[in-house]
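**Q** Here is what each chain is made of, one letter per residue.
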Amino acid sequence: MNITLNIWRQIDSQDKGKFVEYKLDNVSSEMTFLEMLDSLNDKLIREGKDPIAYDSDCREGICGMCGLYINGRPNGPQKGVTTCQLSMSVFKDGEKIIVEPWRSKAFPVIKDLIVDRTAFDKLIQAGGFISVNTGAAPEANAIPIKKEKAERAFDAGICIGCGTCVATCKNASAMLFVSAKVSQFALLPQGQVEAKERVQKMIKAMDELGFGNCTNTGACEAECPKEISLSNIAHLNREFYKAKVK
Amino acid sequence: MSRYLGSSITKKLVMALAGLFLILFLPIHLGINFMLLKSDPEPFNKAAYFMANFWVIKIFEVVLLATFVIHIIWGIILQIQNWLARPIRYKVPNYSQTSFFSKFMIWTGLIIFIFLIIHFMNFYFIKLGLVKGDPENFYSVAHQLFKIPAYLAIYLISFTILGFHLSHSFWSAFQTLGWDHPKYTPLIKILGLIYAIFIPLGFFIIPIIIYLK
Amino acid sequence: MVTLNSKIPEGPLADKWNNHKASVRLVSPANKKKLDIIVVGAGAAGASAAASLAELGYNVKVFVYQDSSRRAHSIASQGGINATKNYKNDADSDYRLFYDMIKGGDFRAREANVYRLAEVSNNTIDQFVAQGVPFAREYSGYLANRSFGGVQVSRTFYAQGQTGQQCTLAAYQALMRQIKAGKAQMFSRRFLLDLIVINGKARGIIVRNLVSGEIERHSAHAVVFATGGFGTVYYLSTLAINSNGSASMAAYRKGAFMANPSMAQIHPTCIPVLNDYQSKLTLMSESLRNDGRVWVPKEKNEKRHPNDIPEEERDYYLERRYPAFGNLVPRDVASRAAKERCDAGYGVGDTGLSVYLDFRDAIRNQGKDVIADKYGNLFDLYTKVTGINPYIEPMRIYPASHYTMGGLWVDYNLMTSIPGLYAIGEANFSDHGANRLGASSLLQCAGDGYFILPVTIGNYLADDIRTPRISTDEPEFEKAEKEAKEKLNRLLSINGHQTVTSFHKRLGHIMWQYSGMRRNEKGLQKALQLVDELKEEFWKDVKVPGEMNELNQELEKAFRVADFFDLAHLIITDALHRKESCGAHFREEYQTEDGEPLRNDKDFMYVAAWEYTGENSPPKLNKEELSFKYVKVTKRSYK
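If you read the protein sequences in the order shown, they are chains U, Z and P.
Those letters in the first sequence? Residues 1 to 246, by the numbering used here.
Those letters in the second sequence? Residues 1001 to 1213, by the numbering used here.
Those letters in the third sequence? Residues 2001 to 2639, by the numbering used here.
FYI, nobody ran anything at the bench for these hints, they're computed from the structure.
Warning: the hint list may mix true and false statements.
What the hints assert, rightly or not - Cβ-Cβ distance ranges computed for the label pairs, FRET-style: (1) W1055(Z) <-> V193(U): 43 to 53 Å; (2) D25(U) <-> G2496(P): 19 to 29 Å; (3) K1091(Z) <-> D2315(P): 48 to 58 Å; (4) K2579(P) <-> Q192(U): 58 to 68 Å; (5) Q192(U) <-> A2014(P): 36 to 46 Å; (6) K1091(Z) <-> N2209(P): 25 to 35 Å; (7) A1150(Z) <-> K196(U): 50 to 60 Å; (8) V193(U) <-> T2467(P): 51 to 61 Å; (9) L1084(Z) <-> K196(U): 23 to 33 Å.
Built from N, CA and C at the ideal position, the CB exists for glycine as well.
Sequences are here, hints too, so could you generate the full structure?
**A** In structure tokens form, the structure reads like this:
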């Protein structure tokens, strides 16, 4: 199939940037979206033009490095996929595809479609851990944990830190990201010791880093490639009130 | 300034609590409005008089007014922060399949706010003596206003918008309060939807009947 | 030939590590504050090491090429992590894990290292649980286990098919905590260009800031490489597309020996190559072989839908050839068996290059819910890539390049042949011999990072407590920076006609065809020639657009691919010299009548540690003879 791409180009963080149109013929529906961009870059390099910069690494939907805003949807129209898992089969011949970087104050653009997501690292640094030094751990089976709780902790813990939630949220809020971590640890006895400090520090960091506020629109849950549940945000709120009251 | 209003969750909590309080107030207001349908103006005027003079209600009134102000101001502050969180907008608006009206709360809210000003000009400000009118006979004021097609249209549109606003409010407040349950949350969502349909519908019926009479 | 001193402590096998721990020199907390350590790469191994070293009080500088250390490819490890907890009461023990790994590695790993890994295995599980890893649990609330290829006990701890993700994130979070505490510093989006050796000791690195393009110098008292494997030398692999061998090659050129580079694992259960555009192959966890049955049709060119092929017309070839282990034979065995069937014309799919992995019987016996509970996310992943629902019809799988057992040579202390340079995790060679067993890579990463390196590095640094912070103005930095710039500028100035990726693809084809699952003298000779020719062509005709001082992804790729040529050359050289079949290294000339590998313990029971002798001169072979005192060296059979 033949497609027309409208891609955001920006030389560096200082550049104003603009959309540039590219036509690409003979796109196979078997390609992934990033393989399609690879082939566009291949063409651009051969033509002596500057290839488009975009992040990706594992290309199997687990590292969270990729992430593009495609036709008004983070990671494109498919549900529950990262950009690297998006298949070209969801696009039609002759379709016009507009590709934008994640847009958020907390994720400034570095070049073209690459954004700086170190704000997520800072959120984890604020409290997204259990403070156990190496060697201090007790026998793993010393504390039994209800299977169902461990599973819910896992479901929250599978966040890949890709930033889709921030990208799709109309408020550019990081609530789903923060809530997944807070929730994972609040569900486990190991994490409860520091629960109070963790939730307060992470929320404080979130506010300071320039993320927006959550207004419960649910866009994050709908677009999250790992389909992390909105109920984690309710859980986060609970944890926050508990910490404030106690 | 935001620092003095607490964290993002605290601000949300304030919004939710104020919102819930307003949600509780709406059926009371609707109940009184139904008295407009009686041919005898006495019960409505009495109710209005009672509401205006009983001291408990007076306290309630202050709280209510404060709640309105808080809900509106906090809402605007949050919205401005949210806009600032994305200084460069997307070229293609977000098509994420989520509850549609949740994306326009600020706009539906502001329209309701404008209606509230008109509403206050017609009734509340009269009572306070800020606007000329007969505070003893709100019944006839209401009946006169509803006979004006333009006013009726504004009234109906405002309540449709209120319905949209409410469709996201109910469950959202629960979510913010952290009341989430695998079994009851879907129930709350349905309840919220029913509320968002029937309350405005109640407010609809009254002026239409009056207009058609 | 240099005699390699592996510095294995004295004493009986089970006491070596304890004795060593009791005798290593220590660095006092006050002195640790004065010592800097650089950690390159921060996946499961690097992050756990960096966090643990920072906890001890060292100043740690961490370098990753991604935007965050949470992206490291350890995150993609699926199936699990082994430990000898013996929760299943199935007679598991440190010795048994040690034995399984030694046997699984076809008697080409170092006994003392492997035993030590088994010894620390339980600590790693304790550590991860304490860090909040949500491992799978029984209804009782206690930890669950499953079995894995090549073993007969259930000792694998897992978190659905995302164990690597959960463990890597735990290590990442521990590291983030140390960054917040100011004990560790993160340098993300940095690519290693060279290692700095001053007076024979590793003292720093040269990196390129991938955002600004600037070349930076960083010094330290010791350097740790946790840079992972180089399976991407095959172009298509289960690795992240940016995984590379450049750090190892930089160390190699500076005098670190490269051990057994040809020991590259081809993983049997991957989603097959679907088309020419493919940039990557997706792994389907080996744990699937616990319940999935592998088969091909008994007829060649079978065109029927797999569900329409009756039982008696299916060839469950693993169960047929290896009745004792069946579908749970080790990876190398399963991979070769799949290739054998496909080469013989029984393969399925459009290309004929895949076999079925069927869950029909497991779903029938255990119910769909149980299977979904165990493998749900893997099935979803498979459906996303292929559009096929494995609950209804069998998966199609084929082997793909996955893991490199070979790597930088290290002694018992995990130190390379350059004093002060350590290699941990997949980057070193020490624990997996000629073939790695499933669920032991995470174990090695965590074992090395949490429990082994923090002990052994102190022994080395104890000599350095009086050495002030190393200056980055030393002439060695100057020289290395100049050379690195020259290399980058050279790449930019060729301005030829072919893209970097096209060269990488062609290199991958050569490697896969001649140096993959089956190798022979003639093919390897040819590959050596082809690789050298391709390298020459690359340096004449590659087109690298853009500038040095900007974010330039093509330049990054070009630098890595340039190193891949030299690495490929080394891999083939190693494969050529090892005239035997062992583990993943299968030489067609050395096989039994029924096609099983034929090992040659008399001549090849050693680690081949290759020494760099110059850009255009052949590498020099050094041997670390292996001796097996605690296991009987047998023919490795899974029949």
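**Q** Hint by hint, which ones does the structure fall short of?
**A** 8
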